Structures are given as C-alpha cells and as structure tokens.
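For this one, chain A is given, so just place chain B on it according to the hints.
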Amino acid sequence: MSRPSNAGGWLKGTTVRKGGTAVTNSHSTRPNTPQVQSTSLTAFSGVKDTSGRTTEYFSMDDQCPVCKSDRYLNPKLRLLVSACYHKMCESCIDRLFTLGPAPCPICQKILRKLAFTPQTFEDLTVEKEVKVRRRIAKDFNKRREDFPDLRSYNDYLEEVEDITFNLINDLDVAETEARIERYRKENSTLIELNVRREEQYVQALKDQEEQDRLEREHRALEARKEEELEREEKEKDRREIIDRLETSTKDAVKVIAKSRAEANKRSSARTAATALAKSSAQLLRSRAAQSTTVPDVPHVPLQDDWYTYEDMYTLRDNYDDIYSEAVREDREGIMRAGGYRVQEAWDRAVRSAVTALFLPPLSGVSQSDITSGAPQSILTST
Amino acid sequence: MDAVERANAERQKRWVKDQKIGEGTYAVVYRGREASTSKKVAIKKIKVGQFKDGLDMSAVREVKYLRELHHQNIIELMDVFSSKTNLNLVLEFLDSDLEIIIKDRTLVFLPADIKSWMAMTFHGLEFCHRNFILHRDLKPNNLLIAFNGQLKLADFGLARDFADPGYKMTCQVITRWYRPPELLFGCRYYGTGVDIWSVGCIFAELMLRTPYLPGESDMDQLKTVFRALGTPTEEDWPGHTKLPDYVPVGQFPRTPLRDLFTAASGDALSLLSRCLTYEPRRRVSAREALHHPYFTSLPYPTHPSKLPKPVSAQSRPLEEVDGNVQLSASGPGVKAAPPNRLKRKLSSPIDGLRPLARKLDFGQAL
Numbered sequence: 001m002s003r004p005s006n007a008g009g010w011l012k013g014t015t016v017r018k019g020g021t022a023v024t025n026s027h028s029t030r031p032n033t034p035q036v037q038s039t040s041l042t043a044f045s046g047v048k049d050t051s052g053r054t055t056e057y058f059s060m061d062d063q064c065p066v067c068k069s070d071r072y073l074n075p076k077l078r079l080l081v082s083a084c085y086h087k088m089c090e091s092c093i094d095r096l097f098t099l100g101p102a103p104c105p106i107c108q109k110i111l112r113k114l115a116f117t118p119q120t121f122e123d124l125t126v127e128k129e130v131k132v133r134r135r136i137a138k139d140f141n142k143r144r145e146d147f148p149d150l151r152s153y154n155d156y157l158e159e160v161e162d163i164t165f166n167l168i169n170d171l172d173v174a175e176t177e178a179r180i181e182r183y184r185k186e187n188s189t190l191i192e193l194n195v196r197r198e199e200q201y202v203q204a205l206k207d208q209e210e211q212d213r214l215e216r217e218h219r220a221l222e223a224r225k226e227e228e229l230e231r232e233e234k235e236k237d238r239r240e241i242i243d244r245l246e247t248s249t250k251d252a253v254k255v256i257a258k259s260r261a262e263a264n265k266r267s268s269a270r271t272a273a274t275a276l277a278k279s280s281a282q283l284l285r286s287r288a289a290q291s292t293t294v295p296d297v298p299h300v301p302l303q304d305d306w307y308t309y310e311d312m313y314t315l316r317d318n319y320d321d322i323y324s325e326a327v328r329e330d331r332e333g334i335m336r337a338g339g340y341r342v343q344e345a346w347d348r349a350v351r352s353a354v355t356a357l358f359l360p361p362l363s364g365v366s367q368s369d370i371t372s373g374a375p376q377s378i379l380t381s382t
Numbered sequence: 383m384d385a386v387e388r389a390n391a392e393r394q395k396r397w398v399k400d401q402k403i404g405e406g407t408y409a410v411v412y413r414g415r416e417a418s419t420s421k422k423v424a425i426k427k428i429k430v431g432q433f434k435d436g437l438d439m440s441a442v443r444e445v446k447y448l449r450e451l452h453h454q455n456i457i458e459l460m461d462v463f464s465s466k467t468n469l470n471l472v473l474e475f476l477d478s479d480l481e482i483i484i485k486d487r488t489l490v491f492l493p494a495d496i497k498s499w500m501a502m503t504f505h506g507l508e509f510c511h512r513n514f515i516l517h518r519d520l521k522p523n524n525l526l527i528a529f530n531g532q533l534k535l536a537d538f539g540l541a542r543d544f545a546d547p548g549y550k551m552t553c554q555v556i557t558r559w560y561r562p563p564e565l566l567f568g569c570r571y572y573g574t575g576v577d578i579w580s581v582g583c584i585f586a587e588l589m590l591r592t593p594y595l596p597g598e599s600d601m602d603q604l605k606t607v608f609r610a611l612g613t614p615t616e617e618d619w620p621g622h623t624k625l626p627d628y629v630p631v632g633q634f635p636r637t638p639l640r641d642l643f644t645a646a647s648g649d650a651l652s653l654l655s656r657c658l659t660y661e662p663r664r665r666v667s668a669r670e671a672l673h674h675p676y677f678t679s680l681p682y683p684t685h686p687s688k689l690p691k692p693v694s695a696q697s698r699p700l701e702e703v704d705g706n707v708q709l710s711a712s713g714p715g716v717k718a719a720p721p722n723r724l725k726r727k728l729s730s731p732i733d734g735l736r737p738l739a740r741k742l743d744f745g746q747a748l
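Chains as they are written, first to last, in our numbering: chain A, 1 to 382; chain B, 383 to 748.
Do not rely on the hints blindly, as some may be mistaken.
What the hints assert, rightly or not - Quick list of simulated restraints, FRET-style, between CB atoms:
id : chain 1 : residue 1 : chain 2 : residue 2 : range
1  : B       : Thr467    : A       : Ser352    : 27 to 37 Å
2  : A       : Asn318    : B       : Ser465    : 49 to 59 Å
3  : B       : Gln633    : A       : Lys234    : 53 to 63 Å
4  : A       : Gln203    : B       : Asp618    : 22 to 32 Å
5  : A       : Ser188    : B       : Arg640    : 15 to 25 Å
6  : B       : Arg636    : A       : Asp146    : 26 to 36 Å
7  : B       : Met601    : A       : Asp320    : 35 to 45 Å
8  : B       : Glu450    : A       : Asp305    : 15 to 25 Å
9  : A       : Asp305    : B       : Leu642    : 37 to 47 Å
What the hints assert, rightly or not - Among chain B residues calculated to face chain A with C-beta under 10 Å, some are:
id : residue
10 : Arg542
11 : Asp543
12 : Ala545
13 : Asp546
14 : Gly548
15 : Phe567
16 : Gly621
17 : Thr678
Because the hints were derived from the structure by calculation, they are not lab data. Since the model is a prediction, treat every value here as computed from it, not as a measurement. Quick reminder that beta carbons are idealized off the backbone N, C-alpha and C, glycines included.
Excised from the complex, chain A in its bound form (with noise of 0.2 Å):
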C-alpha cells in the first residue's frame, strides 16, 4: 500500500508492526504486541468492533511526535489522531488548542481541539481510509435493486470505488467533492428510502435473533420438562410392578416382562412424537443447504404466447349498446362498487366474434370420430 505523501516520515518511525519485531525490548515486562483498551471517552466515532464496542490501539513504542515524550516517561501517554491524519498526546493538544483553532504543528492544516479521535489502527492510512469509506457509504447506499441491470450496478460501484480512491489519497479533492454534492442532490430520495431500508433490515435482524433466543430458551425448557416426564414415568412403572407383583397370583417373571413391554412401547411413542417436533432453526440450516442443482430462474411474466386475436379487431371505449345501458348508467353506483366492468363484456364479445375464425374446417375424420371425439379438439384447439 502506497502511504499519502504528506503523512510524513514520523509516521514510519513510531508505528510498530503488529506481532511485534522488537520482543527483545528490555524496557518492559509486559508483552510488546500491540495492545488494545476500551475507551469511554465521550463524542467518540472511533470502528466499532463486532460486539458494538470501540478498542483503541496501544503501543508500547508509542511517541508524541510533536514533544517526543514516549511511553517510558509519560506511562499515561495517549496519542489521538487529528483531521489531517497526524498522532500527538493529550498533553500537546491541550497545550495547543485551548485557546481555540490552531495549525497542526506538522503541516499547518487549521485544527480545533474536538476534532481530535482516538486511534483504532496502527496504520494511519488505514484509519483513514475507513474514515471515507464510512462517509461515503453514508450516500452511496444504492442497492442492486435499484439497478435494471448488473452493468450498470457495477458501473455505479466502479464510481463509488473512483470517487473513495480520490479522498483516501486527496487527488482532485474540489472536484470529487463536488461530484459527491451533485450525486446527494440527484439522488436525495433514494438515499433517504435505502437509509429506511437498512434499517428496517436492521430491526429484522433484531427481532429474528430475539426469537431464535426465545426458541432456544422454549427448547431447552421443553427438554427440562420431557426429562421430568421420564422420571416420573419410570417411578410410575416401579411402583406398578411392585403393585401388581403384590396383588397378581401369576409368575413373578412373567409379570415383570408385560410391564416392561408396555413401558416400552411408552416411550417409543413419545420419543417418536418429539421426533417430528424438530427446531425450526434446524430446518432452516438444512434448508439452506439443500442442493443447488436447479438454479432458480428469473419471473417471466407470461409465459406462454397467447393469441388474443388483438389484430382482428380494436376495442372502442364505448358502445351504442342497448343491453348494458342501464349498467353504463348505473344510477346507483352498484355496478362500480361492485367492481364489474362492461368493458370486459364488450371485449368478450368482439374477441368471440373473431375467434377462429381462420380455423381449417376438419377433415380426414370419420363420421363416428366426429360424433364422439370431435367436440374435444375443437375446444381445446381454440
């Protein structure tokens, strides 16, 4: 990866390389691998890890660039990355900017106390380039939904990729962000819908994991229960063994058997019954990796080729038509509430009048064919 130019030389000589080449570093007794610690800090918009948290980097080798005081002297360093990309301590940004904007002391950008964020990677290029990609996925939410085509998707991810790779090594800055402004302008609305998308995703996901907790939950008290159940079950068959060894005057043995068999086919019948009851989530594994053999193919919307004889006639708006005048006044409003139409009455009727009308008479058939056969295929060929 090719650094910015202006991320100057400093930048080299402080970063550790994550796995730590210096192990042999005398001045420490912790591990020198680069170390992470959560952060309370307020007003903060560091990377999120996956459980919703922020981690900032920390490293043993860490060293203000502007006072030079490392981790040796000052245990409490912390060094936090400013808008143009550059690390200085707590101490340095006090002392530089409460009293209100000042140049950076290493490439003069105007910066103000509060634009500061902690570090979260080691490398600033990285931090920075996740920085812009954030913001830009801000706006360009577009989906491949909103795309007639794959080619024009992926044109539209060729633009986004464009106008990130600008930001990210600031080449033609004025003009990106004007093409950024335009793109927001055009296309306000979408963005806005994607953004009530994903969230709306967002919430499904939610919710789906709520249930699959309560289902898991559901199961594991079902569980509980069938175990109770057994228990119960196999103290009820102890005590009816014993119960009718007492009172029967047949074999001990024979006695024991029967009770057996029964208690038996017992619970076969109800581990046969649980059986079918599986968990949802399984089947939605199994589901998901049924076999892909068929592909599934696009919605044609008609798929066959019907010939509505469309060409023979053309249907007016309106008839002089005698039989359905009361209908076309419909006085009351029953017919449009209703939701009939004459209009397709009309078209039923013109369509008739020329249906089959090309037809080839039959021939070739027997008399006895057509008395018995024939009224078949005449219908099913119109």
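Same frame as chain A, now just chain B:
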C-alpha cells in the same frame, strides 16, 4: 349400442379404478391409473341418481370449464365418462395442497418460495381471467401441488364465466375467509376483483402461516377485514354504502401492513396492498400483478422442484390425494355457506402428524 355408447365404453376401458380415497357430499374420489401407461390419476365419481334436478351444478361447472382450460397451473381434466348412472371425471393426480404445506410446521418458507407460489397462482388465475372465467373459490386447499412442485388451481365447482351486462351473479361464493368485502355486502354484479382479493388473503397467509382474516360469521368477517385494513371511506371505495346488504360495522383505524408483516419486503407489501384494495376496480388485475416489481426483484422465485413439500407425502398412500377429496367435499358446502366453517376440515394429512390424530390412528389399528 349406438356410437355414443360405444365411445363411452371405449373411454371407460382406458381407466382403471383403484381404491376409494375420499368421499364428499356429491362425489366419491378414487385413486386410479391409465390402463395402458399405469399413469396415476384421480377419478371423481359424481353421484347422479340422488339429485332430483339432475346433475349437481358444481359438477357441470367443473366439467364445463376444466374441459377448456389447459394450462400448467390449472388442474387437468383428462377425461369424462359415464358408468351406469354416474358421471366420472378423470383428473390429474396431485400430491398435496398449499394448505397442507402452510400448516406443516416442520417446513420453513423462504421469501423466494412464497414468490414462486404466488407467481404460479397468478399465472393460473391470469389464464382463467383471460378466458373470461372467474374461479370464485380460491383458497390454499384449492391450490394443489404436483410432485414436481408446480402449483395448480383446482375445484372449478364454483367457477363461472363473466356475466353479461345486467345479469346477476350469486354473492354466496368463495370460502368466507377469502371472500372480498363487496360479496359480503351482497353485491350481485362483480368481476375479476373477487379472485384477486382471495389471492391477496392467500399471499398474507403464506407470510403469516396462519389465516389472515379468519371471520367467524359473515358479519364477523366484515369486522375482521375492517379491523385489519381499516374501515373504508367513501373515498376509498365509492358507492359501497349503496350495496344491497350494506350495514355499518363500526369504525376501525387503518394500520400500516408493515406492523403485521414485519419481515416482508417493500415490494411484497406493495403487491399485497394492491390485492387487498377495497375498491374492486382499483385492485390489481392478474396480468398487472405478474408485471409487478415484486416478481422481478431479487431474490428470484424458487424453482418449483425445490419448493418445500411435506416429506412423508409419498409414504402415506391413503391421504395422498387429499386435495382432491377436499375438492369434492368443499364445493357444495361453501356454496351454502353453513354457519360454522371456522374450523377447517380435519382430514388433511398434516393432522396425521399431530399427536392427537396419531393416537386415533393407533386406536383404529388395534
């Protein structure tokens, strides 16, 4: 023997009747096969003798429309023949129906599965409407599923062609939970919108895995509908207060569908709301629905062969054709709209999976 009789005898020979698999009020369904190919079929024997006025209306309707409709999403009527005084319909043999699948809690639906079923339903319905036929009894247990996963519209016992202008149609059609409000208000002039409403209810049921609008009586059905979708205003549905059986059933606020269908995509809800629109003319047509973005957006509809189906459907010979049994049993029952149809018939195979029904089975076996 005249030509007609001879032809009938020939036809009869083509089919072999096996065991009886179900009985409805006006028909008995047998499992059968084609004599030459031993292809499985269902044979529906319609009892003619016991009706004073001749053949039952639903049998006439079924033959009349199924004879003409040939589409991959509509059940195929393969042959009709008579034996003694009975009429026999030879129908395609189908494994299960959508109701069995919805009720089978061991099956998991992906959004793409629902899309696939909806697409097939609309394909079949569009074909009916294109041929000027209203189905008038769409519900999950009339949507049968073939072994290859294809969904097929069945039970044309209540179907009819579009009425000519000014001719009344009956409003006592469609199973209550799937009946649109205009029929509940006693409207006698209606159109394709009635089927679309039913499809909307089925769509919702597929997402919820439980009937969406389960009213306990016709009156309660209206209340249930309004509670779910808000009481319509004159603006939502012009003229509905003039319908013959209109009665105010109370004011309910409109709640967004999103509140109930939390996991559905925006496209799905858009199509659902277009199906469950109060004014029938503003409801989506089957053809428009097929062009709705819901069907073209990702994910693609699941290929029919991969759709979930009851695992044990093949291993339970007696209940396999249950769809067809239901088909014969429900036709006339619905037409009369008996007061208590809240509980659906308990004869579907899914009930066989439940512990209670299992116990009963054991009892009979012993």
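We went through each hint and held it up to the structure:
As the Cβ distance of Thr467 of chain B to Ser352 of chain A is approximately 35 Å, the hint placing it in 27 to 37 Å holds. Hint check: Asn318 of chain A to Ser465 of chain B, Cβ distance near 52 Å, so the stated range 49 to 59 Å holds. For the hinted restraint 53 to 63 Å between Gln633 of chain B and Lys234 of chain A, the CB-CB distance of approximately 59 Å keeps it satisfied. With their beta carbons about 29 Å apart, Gln203 of chain A and Asp618 of chain B fall inside the hinted range of 22 to 32 Å.
Here the CB-CB span from Ser188 of chain A to Arg640 of chain B is close to 23 Å, well matched to the stated 15 to 25 Å. Look at Arg636 of chain B against Asp146 of chain A: about 29 Å separates their beta carbons, and that is inside 26 to 36 Å. In this structure the supplied range 35 to 45 Å holds for Met601 of chain B paired with Asp320 of chain A, their Cβ-Cβ distance being about 43 Å. A beta carbon spacing of about 18 Å between Glu450 of chain B and Asp305 of chain A agrees with the range 15 to 25 Å that was offered as a hint.
The hinted window of 37 to 47 Å between Asp305 of chain A and Leu642 of chain B holds, with their beta carbons roughly 39 Å apart. Look at Arg542 of chain B: its Cβ only gets to about 13 Å from chain A, farther than 10 Å, so that hint breaks. For Asp543 of chain B, the shortest C-beta to C-beta distance to chain A is roughly 8 Å, which falls under 10 Å, so the interface hint holds. Nearest Cβ of chain A to the Cβ of Ala545 of chain B: about 8 Å, under the 10 Å cut. The hint holds.
Because the smallest distance between the Cβ of Asp546 of chain B and any Cβ of chain A comes to about 6 Å, under 10 Å, the interface hint for this residue holds. Checking Gly548 of chain B against chain A: minimum C-beta separation of about 5 Å stays under 10 Å; hint holds. At its closest, the beta carbon of Phe567 of chain B sits 8 Å from a beta carbon of chain A; the interface hint therefore holds under the 10 Å criterion. Hint status for Gly621 of chain B: holds, given a least beta-carbon distance of 3 Å to chain A, under 10 Å.
Interface hint status for Thr678 of chain B: upheld, as the beta-carbon distance to the closest one in chain A is roughly 6 Å, under 10 Å.
Checked against the numbered hints given earlier, this structure breaks only hint 10.
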